[in-house]
Amino acid sequence: MTTTDDIAPRVGDIWSTLEILDIATQPDEVAEWLAETEISGETFCSGYPVFIETGVRHLLSLCRYNQDLNLGDDYITRRALAQLPPLSEIPHSSETLNLYRNCKQIQSDIRGCTSSDPKQLVSEITDVIEPLLKIRRQLDQDLSVVDVGVSPDKVRRDAVTLSLYTAFQQTRNNRPDGYGPSNLTSWLGGDLREGFIKGYAVTLQYLWSTLLEPTEYVEAGIPDLGHSDRYTTRDVWELEEDDIEQRDENPLSSYRTQVKETIVDPLDARYPEEITTLSLEAGDLFHWTGEPVKEYISPLTTEGVAPSLDDLEPAARVAYGLIWFRQAEWIGEESFSRLPLIETVLRGLTDTYRQFEEEVPIHVTRFNHPTEGGNLVSYAILQRVPPRSFGDPSGWLIFNNVAADFEVDGEHRVKRIESLLDRIPENQVVQTTVEVDRSDFIDSVAGRLSDDYVKQTRESSRMMNAIEAGRGVLVELLTAYVVAERYPDARVHWSDKQDGEEIDVWVEHSESIRVIECKVDLTTTGVHKIRQQLLRKMGRFGSERVVKGEVWTWESPPESDVESLESNGVTVNCVAESPELTNSDTDDLSILFSEFLAENSERHPLMPGPRFS
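In terms of the numbering used here, the sequence shown opens at residue 309 and continues consecutively.
Keep in mind that a hint or two might mislead.
To be verified - Below 20 Å or equal to it, Euclidean Cα-Cα: the simulated PhoX-like pairs (lysine-lysine) are:
(1) Lys805 / Lys856
(2) Lys442 / Lys602
(3) Lys462 / Lys568
(4) Lys856 / Lys837
(5) Lys442 / Lys412
As the list claims (entries may be wrong) - Using C-beta positions, here's what the derived DEER-type ranges look like:
(6) Thr741 / Asp537: 49 to 57 Å
(7) Gly457 / Thr493: 39 to 47 Å
(8) Lys442 / Asp381: 19 to 27 Å
(9) Asp381 / Gln413: 18 to 26 Å
(10) Ala754 / Lys837: 27 to 35 Å
(11) Asp448 / Gln428: 55 to 63 Å
(12) Glu809 / Gly529: 40 to 48 Å
(13) Gly529 / Ser768: 50 to 58 Å
(14) Leu889 / Glu680: 33 to 41 Å
(15) Lys837 / Ala390: 37 to 45 Å
(16) Leu889 / Arg480: 33 to 41 Å
Please keep in mind that the hints were generated in silico from the structure rather than gathered at the bench.
Predicted, not measured: the structure shown is a model, and the values here were computed from it.
Quick reminder that beta carbons are idealized off the backbone N, C-alpha and C, glycines included.
Whole structure, please, built from the sequences with the hints as guidance.
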């Protein structure tokens, strides 16, 4: 039966990935190949760093799950690597996180290599990743290949081929498969380097040229990789949105099947099934004969500087205090007595874990909210589900404002809770203290609550957004009606696009054009911003006719705002005061524009009752 350990990465997977980086960092060989293929240095240099970074990120993933490496980590580390907060927001240390931090520095140094000369760029990056290449040389001495009647050199080349195909040729979510996701910052996904797919593909093409026979190289379509314009095919909705025909694309992913059938399938057939698990991988082709693998990478795991908790932004501090969980229950002041409940939860978790012989620590976070006299104190206890469960459906119980530590009663409550924690064996409790302003704490916690309050709040917010949008459309329609009545010989356009810019209302006269910007009121948007919007929209019309700008509002605008706009040649009108509407009953409209304005009441009428008391 196949187990998780059977399919986990092994040292052979790590070596083959490092071997790819070694092959890719040979300056003379790369320069010679570029000259032979007549591929420009500019194309190569644009995507070469992304290829190397893909190798670094894939190496981290292999090390994280490696069954031979046995890196020290803990629950907080595993949560961090699963939830992917930036390393700059993880004030915690472990061997695994040290490895990530040291590789992050290597990644940063790779991005600092910017030479436009291919040979120079390869040399610079070779120096940067030397710590990784040194590990490859050390691993190389203690790896022996499987004895299956294939020459050792061929086995090693096959291992590299498998890793190159898996991590660099295969793609998903418009990035190489080996690229991520990761706690390291990304160059791909809307960032600068996303556009340099050709350089990445050319580097991949070079790697294939070092591993394949000339006939394989051609039959697998490798010479065409450099024509790739994306990593993966766009989704149907993306094609429609960008008005692109799918046949116009040439993604790197389109070569996968040809490469697999020409290279990988025949390779797989060379090896007996008994050495593989689910499918043949690089790690299947080696036996490890050296010391514990951890010793070989110890320079990257023994040192690493974690950020200080106090230096993080409030939201990041709260996220760390809750170990990046998105599920929580709020136990507020209107709940029954919280102190006895805290005691019940602590004793219950301790007894439950003991009964089932679960080696699961109890996580307790104390949140201090500074005030003039001291701290208001909230506690959070993790209802952690033991690892026998599928996934991690754990969540936090947040005990809001349990005590004020500067009051006699509050001090007693805090001491009572701390004494309960002290009675739990040291290795069975993990305590964290986070200082954060109460308002920031509530803002960060609100999105994690699983009760109806969050649902009500979000539904109310959506309703308010719909009402705001409705107000804007109503002002536009009323304005269009008024100007149509006022200028019967002109042509009125509503919600019309000119050169890609949506114009609220514009009026077409024989010798001039009125461009009208409609607002519920001027204060919300701001006079300067409104003027900039209007000028931009006026610029969408040609110079054949005079173009005038006007602003129409529902609320009567302040005199100072009117003067500011009119001094810049912009006419201001209040549609609600237009004589064209004097015969209409606008009382119902007034209700929409007044009673439901949030600034007119301490609490908006659509919002649920107070929650964070």
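Structure-based check of all given hints:
Using a Cα cut-off of 20 Å, the hinted pair Lys805 and Lys856 holds, with the two alpha carbons roughly 17 Å apart. Distance restraint check for Lys442 and Lys602: the Cα-Cα separation of roughly 14 Å lies within the 20 Å cut-off, and the hinted pair is therefore satisfied. With a C-alpha separation of about 18 Å, the suggested pair Lys462 and Lys568 falls inside the 20 Å cut-off, and the hint holds. With a C-alpha separation of about 17 Å, the suggested pair Lys856 and Lys837 falls inside the 20 Å cut-off, and the hint holds.
Between the alpha carbons of Lys442 and Lys412 the distance comes to roughly 17 Å, so the proposed pair stays at or under 20 Å and holds. Restraint check, Thr741 to Asp537: a C-beta distance of roughly 52 Å satisfies the suggested window 49 to 57 Å. For the pair Gly457 and Thr493, the supplied restraint of 39 to 47 Å holds, since their beta-carbon distance comes to about 46 Å. A C-beta distance of roughly 24 Å is found between Lys442 and Asp381, which places it inside the suggested range of 19 to 27 Å.
Remark: the range hint 18 to 26 Å for Asp381 to Gln413 is upheld by a beta-carbon distance near 20 Å. About 29 Å separates the C-beta atoms of Ala754 and Lys837, a value consistent with the hinted range of 27 to 35 Å. Distance hint check: the CB atoms of Asp448 and Gln428 are about 27 Å apart, inconsistent with the given range 55 to 63 Å. For the pair Glu809 and Gly529, the supplied restraint of 40 to 48 Å holds, since their beta-carbon distance comes to about 44 Å.
Distance hint for Gly529 and Ser768: a CB-CB separation of about 55 Å, consistent with the stated range 50 to 58 Å. For the pair Leu889 and Glu680, the beta carbons lie near 54 Å from each other, so the given range of 33 to 41 Å is not met. Under the hint 37 to 45 Å, the C-beta atoms of Lys837 and Ala390, about 42 Å apart, fit the expected range. With their beta carbons about 57 Å apart, Leu889 and Arg480 fall outside the hinted range of 33 to 41 Å.
Hint violations for this structure: numbers 11, 14, 16, all remaining hints satisfied.
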